[in-house]
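In the order they appear, the protein sequences are chains A and B.
For the first sequence, our numbering assigns the number 1 to the initial residue and increments by one for each residue that follows.
For the second sequence, our numbering assigns the number 1001 to the initial residue and increments by one for each residue that follows.
It is worth saying that the hints were derived from the structure and are not from the lab.
We put the CB at the ideal spot given by N, CA and C, even for glycine.
There is no bait here: all hints are sound.
Listed next, with one range per pair, are the computed distances between beta-carbon atoms:
(1) A/Thr-136 - B/Gly-1140: 33 to 43 Å
(2) A/Pro-11 - B/Gly-1019: 51 to 61 Å
(3) B/His-1040 - A/Gln-55: 18 to 28 Å
(4) B/Ile-1089 - A/Gly-140: 36 to 46 Å
(5) A/Asp-181 - B/Gly-1043: 32 to 42 Å
(6) A/Arg-41 - B/Gly-1019: 28 to 38 Å
(7) A/Arg-139 - B/Ala-1086: 31 to 41 Å
(8) B/Ala-1013 - A/Ala-128: 37 to 47 Å
(9) A/Thr-45 - B/Met-1074: 32 to 42 Å
(10) B/Glu-1186 - A/Ala-128: 15 to 25 Å
(11) B/Met-1074 - A/Ala-13: 43 to 53 Å
(12) A/Thr-60 - B/Ala-1086: 56 to 66 Å
(13) B/His-1040 - A/Thr-63: 16 to 26 Å
Here are some chain A residues the structure puts well away from chain B; computed CB gaps all over 12 Å:
(14) Gly-19
(15) Asp-46
(16) Ala-50
(17) Thr-63
(18) Leu-80
(19) Val-88
(20) Asp-143
Protein chains: 2
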Amino acid sequence: MSTTTQAPQSPGAPKTARGARTRAKILKAAEDTFGTLGYHRAGVTDITKAAGVAQGTFYTYFTSKEEILRELVMDLGHKLRAHLAAQVIGTSDRLEAEEQGLRAFLQYLSDHPSLYRVLQEAQFVDQAIYQEYYETFARGYTDMLNTATRKGEIRPGNNQHRAWALMGLSHFLALKYALWDQRASEGEHAFDPIVETMSDFLRNGLALNGRDKS
Amino acid sequence: MSTTTQAPQSPGAPKTARGARTRAKILKAAEDTFGTLGYHRAGVTDITKAAGVAQGTFYTYFTSKEEILRELVMDLGHKLRAHLAAQVIGTSDRLEAEEQGLRAFLQYLSDHPSLYRVLQEAQFVDQAIYQEYYETFARGYTDMLNTATRKGEIRPGNNQHRAWALMGLSHFLALKYALWDQRASEGEHAFDPIVETMSDFLRNGLALNGRDKS
DNA sequence: TTAAAATATGACAACCGATTCAGGTTTTAT
DNA sequence: ATAAAACCTGAATCGGTTGTCATATTTTAA
Chain A
1 MSTTTQAPQS PGAPKTARGA RTRAKILKAA EDTFGTLGYH RAGVTDITKA AGVAQGTFYT
61 YFTSKEEILR ELVMDLGHKL RAHLAAQVIG TSDRLEAEEQ GLRAFLQYLS DHPSLYRVLQ
121 EAQFVDQAIY QEYYETFARG YTDMLNTATR KGEIRPGNNQ HRAWALMGLS HFLALKYALW
181 DQRASEGEHA FDPIVETMSD FLRNGLALNG RDKS
Chain B
1001 MSTTTQAPQS PGAPKTARGA RTRAKILKAA EDTFGTLGYH RAGVTDITKA AGVAQGTFYT
1061 YFTSKEEILR ELVMDLGHKL RAHLAAQVIG TSDRLEAEEQ GLRAFLQYLS DHPSLYRVLQ
1121 EAQFVDQAIY QEYYETFARG YTDMLNTATR KGEIRPGNNQ HRAWALMGLS HFLALKYALW
1181 DQRASEGEHA FDPIVETMSD FLRNGLALNG RDKS
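Using the sequences and the accompanying hints, generate a full structural model.
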C-alpha cells in the first residue's frame, strides 16, 4: 500500500529442496511476466500460470505482489552489479573501465530487457527500494571516481555529481540503443560506435580545445 | 488496453466557455492527482473530486483515464520545451546554452515535480507516446549539436549519441538533486555547483590532459 | 513404516475502480 | 421568451483482481 513500506518479509523461507525450487520458479516467472506485461497488467494468476503452480502456492512464499517485486529488484540489481564488476576487471585505468562498463551495460540490458522494466516500474510501487538501488550504485561509483582522482587518472571535480551524470548517460543510451533500436543491438560489436563516441566525450568533453584524438 | 493505442480521441471538444473551463479544471486536477498519487493509485473519482465535478463529467471530455494521461504528456512536454527554449535564448554558443539549459531544467523540475512522475508512468501505460516524447526531444537536440559542430563550437562526433547521453545526464541529475534532495533545491542559486561541475565536464571531459580550468 | 511437517491446490469471498446511463440544469440562439 | 444544444450529475453496472481457506499430496525423519 504505502510507497515506502519495507517490512513484512516472506511468510517463511522454504525448508525443503522442493520448496526452494518452487520459490525460484515463481521468482523467475515473475521476472518474465512483469517484464513483458508490466507490473500492473500482470496478475498473480499470470505469474503462477507461467510458473506452473496454483494460485495459492504464490502466497506460501510471498506475502503480496508488491513484495515479490521488491525481491526481484534486489535480485536483479545484485546480478547486474556482479556482472559489471566482472567485466571491468583487467582494465588499467578509470577511463578504460568506463568504456568497458558502458559496453557491458548496453549488452546486458539488451540481453535482459526485463531488468529495465521491473526496475522502472518499481519506482512507483515502492519509491524507497528504487531510490536505494540508485543511491547504492551511486555511492560505489563515486568512490571509484574519487580513487581515480587520487591516482591522477581523471581531473578533479565533484565526483558525486559526475556519478549521477554518468549513470543517466548509460541509462538513456541503453534505453535508446539497447531496448528501442533492436537493429542496433545485433552482432558482436553492435555497440562499438556508441562506446567510441562516449569514449571521446568522456576523455575530451565537447569543447574544441583538446587537439589530439587519441 | 494495448500499450500502443492512439486513436479514439476526445469525445468532443467543448463548444462553450463553460465547457472549456471545466475541461481545463479536470486536466489540471489530473496533473496534480497523478503527480501525487500516481497513475494507478489515482482513480477517476480522485480526479473529479479534485476538480469539483461529478464522475460522469469526466467522460464528457475524455474517453478514458488512459487518454487523459496522453493529453497530459503532450501538454506538459510542450510547456517544458517552450520554457527551456525561452531560457536559452541570448546564449552565445552551444556550451553556454548547455549550461543554461541544464540549470533551467533542474529548476523547472524542482518547481513542477508532477512532470517527472506523469511522464515516467506514461511509459508503461503507452510506450508509444513516451518514446515519441523523447525521440522528438532528441531530434531537436541532435540538430542543435550538428549546427554547433558546423559552426566549430564543439568537436566533431556522433551527435545523436551525444544527444541521448546528454538527455540522460540531465534526467538523472534532476532526479537526484531536484526531486530527491529537496534541501539541495532551496535558494536562488541552488543548482550552481552542479551546473559548474557539468560545465567543466562538458568542456573538458574527465581526462587530465587539458590543463587550464577556464 | 508411519506420523508430522511442508507444500500444493483451486474454488471463492470480498473488494475496487472504470465506465455507463437516464435524467436534471445551464447556456445559446432565435 | 423558449426550444435546442451543451453540459452536468451520481448511482448502478460490470469486469476483474487480490488474497484466503479447507483440503489433498508429498517429503522428512524417526
